[in-house]
Amino acid sequence: MWTGPGSLGPRLAHGLRFTEMAGSSVAEVQRAAIWRNVRFLRVVGQLVFAVVVVWAFRELYLNLEYGVRRVGTDLSFDFLQTRSGIPIKEGIAYDPNQSYLRAYVVAVANTVRVAGIGVVLAMLLGLVIGVARLSPNWLVRKIAQVYVEVIRNTPVLIQIIFWYFGILFALPLIEGGLSLGGVAFLSQRGAAIPWPHIGEGAGAWGLWLLGGLVLAGAVWWWRTKVNERTGRPHHRVLWSLPVLVAVAAVGYAIVGDAVRLDVPEVAGRLYRGGFQLSGEFTGILVGLVIYTAAFIAEIVRGSILAVDRGQKEAAQALGLSPAQQLRFVVLPQAFRIAVPPLNSQFLNLTKNSSLAVAVAYPELSSVSSTMINQAGRPFQITMLVMATYLTMSLTISFVMNVVNRVVTRKGEGR
Amino acid sequence: MMDRVPTELERVAAMLKEEPVVEFAPRREPVAPSGWIRQNLFSGWFSGILTILVGAVVGYLGFGLLKWAFLTADWTVIKANLRLYMVGRFPPDELWRVWACVYLVTALAGLSWGVTRKRLAWTVRKAATRGALAVLALASLAYLLDGVRIWVLVGAVVVIYAAAVMAGRLGARRLHIPVIVGWVLAFPLIILLLRGFGGVPPERWGGFLLNVVVAVVGIVLSFPIGIVLALGRRSSLPVIRVSCIGIIEFVRGAPLYTWLLFGLFVLPFLLPAGVVLPNIVRAMIVVTVFSSAYVAEIVRGGLQGVHLGQYEAARAIGLSTTKMMAFIVLPQALRSTIPAMISHFISLFKDTSLLAVIGFIEALRIARIAPQGQFSGDLRETLIFAGLLFWMVAFAMSRWSQRLERRLGVGER
Amino acid sequence: MATQPVAGLASGANDAMIVAEGVEKWFGRFQALKGVTTTVRRGEVVVVVGPSGSGKSTFIRTINRLERHDAGRIVVDGIELTDDLRNIEAIRSEIGMVFQSFNLFPHLTVIQNITLAPRMVRGRPKADAEEKAMQLLERVGIPEQAHKYPAQLSGGQQQRVAIARALAMEPRIMLFDEPTSALDPEMIKEVLDVMKELAGSGMTMVVITHEIGFAKEAADRILFFDDGLLLEEATPDRFFTEPQHDRAKLFLSQIL
Chain A
1 MWTGPGSLGP
11 RLAHGLRFTE
21 MAGSSVAEVQ
31 RAAIWRNVRF
41 LRVVGQLVFA
51 VVVVWAFREL
61 YLNLEYGVRR
71 VGTDLSFDFL
81 QTRSGIPIKE
91 GIAYDPNQSY
101 LRAYVVAVAN
111 TVRVAGIGVV
121 LAMLLGLVIG
131 VARLSPNWLV
141 RKIAQVYVEV
151 IRNTPVLIQI
161 IFWYFGILFA
171 LPLIEGGLSL
181 GGVAFLSQRG
191 AAIPWPHIGE
201 GAGAWGLWLL
211 GGLVLAGAVW
221 WWRTKVNERT
231 GRPHHRVLWS
241 LPVLVAVAAV
251 GYAIVGDAVR
261 LDVPEVAGRL
271 YRGGFQLSGE
281 FTGILVGLVI
291 YTAAFIAEIV
301 RGSILAVDRG
311 QKEAAQALGL
321 SPAQQLRFVV
331 LPQAFRIAVP
341 PLNSQFLNLT
351 KNSSLAVAVA
361 YPELSSVSST
371 MINQAGRPFQ
381 ITMLVMATYL
391 TMSLTISFVM
401 NVVNRVVTRK
411 GEGR
Chain B
1001 MMDRVPTELE
1011 RVAAMLKEEP
1021 VVEFAPRREP
1031 VAPSGWIRQN
1041 LFSGWFSGIL
1051 TILVGAVVGY
1061 LGFGLLKWAF
1071 LTADWTVIKA
1081 NLRLYMVGRF
1091 PPDELWRVWA
1101 CVYLVTALAG
1111 LSWGVTRKRL
1121 AWTVRKAATR
1131 GALAVLALAS
1141 LAYLLDGVRI
1151 WVLVGAVVVI
1161 YAAAVMAGRL
1171 GARRLHIPVI
1181 VGWVLAFPLI
1191 ILLLRGFGGV
1201 PPERWGGFLL
1211 NVVVAVVGIV
1221 LSFPIGIVLA
1231 LGRRSSLPVI
1241 RVSCIGIIEF
1251 VRGAPLYTWL
1261 LFGLFVLPFL
1271 LPAGVVLPNI
1281 VRAMIVVTVF
1291 SSAYVAEIVR
1301 GGLQGVHLGQ
1311 YEAARAIGLS
1321 TTKMMAFIVL
1331 PQALRSTIPA
1341 MISHFISLFK
1351 DTSLLAVIGF
1361 IEALRIARIA
1371 PQGQFSGDLR
1381 ETLIFAGLLF
1391 WMVAFAMSRW
1401 SQRLERRLGV
1411 GER
Chain C
2001 MATQPVAGLA
2011 SGANDAMIVA
2021 EGVEKWFGRF
2031 QALKGVTTTV
2041 RRGEVVVVVG
2051 PSGSGKSTFI
2061 RTINRLERHD
2071 AGRIVVDGIE
2081 LTDDLRNIEA
2091 IRSEIGMVFQ
2101 SFNLFPHLTV
2111 IQNITLAPRM
2121 VRGRPKADAE
2131 EKAMQLLERV
2141 GIPEQAHKYP
2151 AQLSGGQQQR
2161 VAIARALAME
2171 PRIMLFDEPT
2181 SALDPEMIKE
2191 VLDVMKELAG
2201 SGMTMVVITH
2211 EIGFAKEAAD
2221 RILFFDDGLL
2231 LEEATPDRFF
2241 TEPQHDRAKL
2251 FLSQIL
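Protein chains in written order, with the working numbering: chain A, 1 to 414; chain B, 1001 to 1413; chain C, 2001 to 2256.
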C-alpha cells in the first residue's frame, strides 16, 4: 500500500511485453492485472479499512449503550442542565444550586487560571535557571545543575503532594503565619499578596498611560534615529522608561483615585484584602512551576548550546563583547530553536494541572471526577473533559506555531 | 568561558590516532585552589556578589535541611514499611519470584554494561564521588535492612552484577546479540515468573514493583503499536493517514489522569457484556495506548530523519516495501530515536505514580498511607523516600542515555 | 590600552605584525601544538599547509584568542596576548578572521551582517557603516546582494560576504581558516580572486589552504605544519620544488 509498485513493476512490464508480442492492446493488459493494480488496491484497501473502523466503533457504541442502559443511565448530555450540588471552593461566581454545566465552566476557568499563571512563572524561573546553568560562576552553575537533576527525575505528582502536604501544611495558621514585610502573607491556608485595586479614576488614568506610552514611543524612535545618525549608543530604555514613568506619575497625581494598592492584612483568622490565593492553588501552582521550570531550563540551555559554535566565534572575532554576542547573535538564534520544545512544555504544564485532584484544587479534572461520582455519566463527562483538554492543547499549539512562524520568517531563503 | 573543551574535540583528537589516547606530556599544571576560587567564584564583582548571596542562601537552606534530616526526621517509618514500599501486598512467601526477577534484570544490566564499556577512565574526582556515594548507599542500607537473610539477598545482587560486568567485558562484541535477545526475552520471562506456576495474580502486585511492571509493560507493548501508528501516519493513503493522526492527537491531547479515569469508568462499558478485566489490566491497557501515541511521534521523527536517498537506493536494488522498511529504513530510524525513547520511558515510569490517585497500591500510595498511628506526621519522610526510589531509577537511566548518545553519536536535537 | 612592546624594538616602527614564540596547546591529554615559533611581518602573505590534525587551525586560532595558548608567547602588533581582557580586545580589533563554514549570521541580512560590528563595537553611525559596507561589497563583487539573507546566497557569495564582514572592522591582519574547503569547485576561484586582490593591496594575511595554485601565486612564505610542529618554512618556489623535511616531501607527494 506504500508509494510505488515495488516488485509489481517487473511483473507488470513482463505482462505488457508478452501481450504486445501477441498483438493485444494496452487496455487488455490493464484489465488483466486489475487485482494487482496499485490504484485499485489502494482504493479497496482504504475502503476495507474504513469499513473495519466503522464496524468496530459501532460495536463499541452498542456495548456502551447496552451497558449504560443496564445500570440505568443514558448517553445524553441533558444532565448538564440539572442541579449539581457540587461545592466548589474557589473560582468565578458559583453556588452549588447551579447546573453541572456551570460547575464545569467554573472548573475550566480554574484550569485556565492555574495554567496561564503557571506558564508565565515557569518560563521566568526556567529562564533564570537555564542561564544559571551556563554561568561562569561555579557555585551558581552547580546549584542550577542540582536543581534540574533532582526535579526532573522525580515524578511531578510526588512533588505536588510534597509541596502541598509536606511544606504548606507545615506552615502555621493565618494568625501566626509568615509575612513579608507586612504586605504579603503566607500560611497554611494560602497566600495573600498586594494587588492593584481599580478605583474611580482608572479610566482617566488609562488615558494618561496611553499618552505616556505614545510619548515614550516617540522618545524611543528619536533615540534610535540619533544612534543611526551619529553612532552614539541610543540608551533607548534609559530615555523612554523615565518618560513613561513621569507621565504616569503626573497623571496619577492629577486624576486622584485611579489605582490603589490593596495591601492585605491579617484579620483574626482570615486575610482581608489584597489578592488571595487558596492553599490548594498555591500548592499546585508551586509544584507545577518548579517542575516545569526544570525542563524549561534545559530547553533554554540546550537551545543556546545548539547555536552553532562558529556563530559565537565569528562574533568574537569581530570584536563583539560577550554581552553583544549574546544579544545580537546567540539569543535570537537560540530563541528560534527553543520555540517547538517550549510548546511541548506549555502543553505538559496544562495537562499536569490535572494532578490538582491530589490537592483538591477544583480544576477540570478534580471537578469532573466528582461529577462522575455524583452524576454517574462517565462516558459523557470523560468525552467532554477530553474535548476540553484537546481544545486547550490545540489553542496553545496554534499560538506557538504563530510565534514560530514569526521568528523563522527571517533568514529562511528556502 | 573557552576553557572547557567540548567533548567532541577530544573525540576528534582521539579518532585521529588509531590507538587509544596515550599520555604525552603532562597536562597543564592544575590551578592552585586559590586560583581556582578566584577564577570560578570571584571572577568579577558581580560574580563575587552572586557567590556570596547564593552561598549564603544555599548554606542556610542546606544546613536546615541536614539538621532536619538527621535530627528531627523520623526515618523508622521507612524501615517499618519497606516491604510495602517495594512490593505492596505481594504474598511474602512468594517473594522469591520477585527476587528471581531482580537477579535476572541485574545480570542483564551487568552484561550490557560490561559489553558496552570500552576503557575505564576514572579520574581522582570521579573515584572520590563514586566512593562517597557507595559509602552513603551502604550506610542507608545498613539502617534500613535488618537481618542476615536480607543482607545475603541484597549482597547477591551486587555479586551477580559484578560477575555479569566481567563476563560482558570478556565476551564483548560476541555477546551483543545474545544480550539484546536476553532483554527481549526478559519481559515475558518476568511476567511468567511473577504469574506463572501458581503465581501471584496481578491484583496483588503492589508497591514499587507495580510501578516498574506497569511502566515496562507499557513501554514494551506500546513500542510495536507506536511504530505501526507512525508508519500509518506517513502513509500515502488518506484514510489511514487521517485515522492515525486523529488517534495520535486525540490520545496526546488529554492528560494521562483523564485517560486513566476513562479506563477505569468508561472502558468496562465498551467491552462486551460479561468480559471483566481486572483494574490493573485496564490500567496497563490505558498506559500502553497512551504511550503508543508518544512513541508514534518519536518514531515519526526518526523516520523523517532517514534520507530520501535510502528509500531510493532500496528501491533500486529491488526491495519490496516491507523488506525496505524492515531492513533499511526502520533500523536507521529507530537508532536515531534511542535518546528520545529513553527519555519517554523515564517519563512513563514517573507517570506510573498517577496510579496512586486512582486507588492502586503503588509506591506513592504507600507513602501517603504509611504515616498513621505512631508514624503520623511522617509524610515528608515517606514522600522523600518514594521520590528517591523513582529518582534513582530515572537519574541512572538519564545518565545512561547521555553516555549512549555520545557513543552512538546521535547529536540530533 | 595596555600594550607591551616586543623587547628590543621601539613600538611604532614595528615591522613584525605577529610574533609567536614556543606556542604550545593541549586539549586534555592531547598536545595539539608542541612549540611553534615564527614571525609574520607587515604586508606578508603567509600560507600554512599540512595534513589534517597537524595543528594549523589551532595555531591561527590562538592568534586571535579563539583558543588559549598554554605555553609560549604571542605578540600581535606590539601587544602581548595575555589573559588581560583589554589586550585581547585590542588584538581582536586588529585581526579579521574568515572561517571555513562562513559563519554568517542567518537571521541578519548581508548588509546587517557587515555593519553589525562597526556599529556596535566602533559606534559608527548607521549611514556611514552602510556606505562602507556597500564599498566592501563592491570590492568583493556582490553589491546587489546587500539586502538578501545568507541562506539565499551561494557558498561562494557567502564566503565573500564573510570576507567583507571581516574587512569592515579595518583590521591590519586577516586570518583565513581553509576559506575554500567548503565550497563547490566552480566557486573557489571567485573567493581566491578576492583574496589575491587583498594580498596585492598589502594586507598582512595568514591563510590555511589546500589551494596550491593560490599559494604559489600569492604567498610570500609557506609554513608546513605536521603533528603540532612547524616543520618547515620556505618561499613557495623552494618549498614546492625542494622540500627539505621528509614529512613535507610525503605531504607534497600526496597532494600534487
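Mixed in with the good hints there might be a few duds.
As the list claims (entries may be wrong) - Straight-line distance between alpha carbons at most 20 angstroms, and here's what the computed SDA-like set of lysine to any residue pairs gives:
id : chain 1 : residue 1 : chain 2 : residue 2
1  : A       : Lys-225   : C       : Phe-2240
2  : C       : Lys-2196  : C       : Glu-2217
3  : C       : Lys-2126  : A       : Gln-145
4  : C       : Lys-2132  : A       : Thr-408
5  : B       : Lys-1067  : A       : Thr-408
6  : B       : Lys-1323  : A       : Arg-36
7  : B       : Lys-1323  : A       : Thr-408
8  : A       : Lys-142   : B       : Leu-1066
9  : C       : Lys-2148  : A       : Thr-408
10 : C       : Lys-2126  : A       : Arg-236
11 : B       : Lys-1126  : A       : Gln-145
12 : B       : Lys-1126  : A       : Leu-139
13 : C       : Lys-2216  : C       : Phe-2240
14 : C       : Lys-2132  : A       : Gly-231
15 : A       : Lys-142   : B       : Gly-1305
No wet-lab data here; the hints were simulated from the structure. These figures come from a predicted structure and were not determined experimentally.
Check each numbered hint against the structure and report the violated ones by number, ascending.
-> 1, 3, 4, 5, 7, 15
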